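Going by the numbering used here, the final residue of the sequence shown carries number 290, and the count climbs one at a time with no gaps.
If you are wondering where the hints come from, they were derived from the structure by calculation, not from laboratory data.
Here the structure is a predicted model, which is why all the values come from computation and not from measurement.
Ideal Cβ placement from N, Cα and C applies to all residues, glycine included.
Each hint should be verified, as a subset may be incorrect.
[Said to hold, decoys possible] Here are the simulated lysine-lysine pairs, BS3-like style, with alpha carbons at most 25 Å apart:
no., residue 1, residue 2
1, K190, K272
2, K34, K83
3, K170, K272
4, K170, K190
[Said to hold, decoys possible] Label pairs and their calculated CB-CB ranges:
no., residue 1, residue 2, range
5, P184, Q15, 30 to 38 Å
6, P262, S232, 24 to 32 Å
7, R22, Q236, 36 to 44 Å
8, P159, E103, 21 to 29 Å
9, S19, D104, 14 to 22 Å
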Amino acid sequence: MLEETQRADASQLAESYRREGFVIVRGLLSKREVQEYLAHFMALRESGFDPGENSETRLLSDDPLRLWPRFMHPHRRDPKSLSLLLDPRIRAVLRSVLGEDALAAQTMFYFKPPGSRGHALHQDQYFLRVDPGTCHACWVALDPADEDNGGMRVVPGMGDLPLMCVKQADPSQSWSQITIPLPDDAKAVELQLNAGDALFFNGWTPHGSSTNTSADRFRRSFIAHYVPSSARQVSAWYQPLLNFEGREVTREVSPQGGPCGVWTEDDGKLSLSMIDPDFEQPKKEHE
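Please put together the full structure from these sequences, using the hints given.
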C-alpha cells in the first residue's frame with residue numbers, strides 16, 4: 004500500500020510540474036538542517052570564502068549586494084554545498100518530474116539582505132542552453148520567503164514556452180540587466196515559502212523576485228541547477244557536470260545564439276513567432 008501511495012504521489016507531482024512548470028515540495032529540509040546550513044554559509048562568509056565571481060562591476064555603489072555577494076558554484080570548493088547539490092531527496096523529485104535521472108550543473112547561494120533589488124522575470128534556459136530539453140532548478144528557502152523580503156515569483160502554466168527574446172530590465176527594480184516580455188494577461192504570482200521548502204521549476208518557466216523591502220529580514224536561499232541525463236549539449240560555464248554519485252560528466256558545449264520567441268498579434272489574437280536574431284551571449288546572473 005505504501006509503495007502504491009508513493010507511486011501516486013510521484014505521478015501527481017509530475018503532472019503538476021508538467022502543467023504549471025513548477026512544484027513546491029514542502030519541508031524538503033528539516034528545521035535542524037535549515038539551521039545547520041544557515042550557520043555554515045554565514046560562517047563561510049565570515050571566513051572570507053571566495054564568492055566565485057566579481058559581481059561589483061554591475062552593481063550600484065550603494066547596493067547591499069556589494070556587502071553580501073552571492074556565492075557562485077560553491078560546491079566546487081565547499082563539501083557541504085556539494086552534499087546538498089547531490090542530496091538524494093532532490094534526486095528523487097527530479098526523477099519523478101523528468102522520468103529519468105539528472106546531472107548536476109550549478110550551485111548558488113544568495114543572502115539577499117534588506118534593500119536588495121529584485122530579479123526581473125527571466126528563463127534559466129537562456130543561460131544553460133540545454134539541448135534537447137531544458138534545465139531544471141531546485142530553489143531551497145533557508146529563510147521564510149515572501150513578497151515582503153523579495154521572495155520568488157513565477158508565471159504558472161508557461162513551462163512550455165520557447166526561449167524568449169530578451170529586453171532591457173528596469174534597473175530601479177532589478178539588479179539583472181535582462182528580462183523577457185510577456186502578454187498582459189500573463190501574471191506572475193508571489194510564492195510563500197517556509198524555511199526548508201523547495202521550489203522546483205524548469206528552464207522555460209518565467210520567474211524572478213521582487214525587491215526586499217523589509218527592514219531587517221534576509222532572504223537566504225540555496226539554488227541548484229540540473230539537466231536531464233539524456234541532454235547532449237550544455238553551456239560551457241556549467242561544465243563539467245556531476246552525476247549523483249559525484250563523478251564528473253561532460254557534454255558537448257552548446258552553441259550560443261539561435262532562434263527565440265516574440266509575441267505577435269493577428270486579428271486580436273496573440274501568438275508566438277520564432278525569429279533568428281543576433282542573440283547575445285548568456286550572462287552568469289540568474290537566480
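Hints, verified against the model:
no. : hint                     : result
1   : K190 to K272             : holds (18 Å)
2   : K34 to K83               : holds (17 Å)
3   : K170 to K272             : holds (22 Å)
4   : K170 to K190             : holds (18 Å)
5   : P184 to Q15: 30 to 38 Å  : holds (33 Å)
6   : P262 to S232: 24 to 32 Å : holds (25 Å)
7   : R22 to Q236: 36 to 44 Å  : violated (27 Å)
8   : P159 to E103: 21 to 29 Å : holds (24 Å)
9   : S19 to D104: 14 to 22 Å  : holds (20 Å)
Hint violations for this structure: number 7 only, all remaining hints satisfied.
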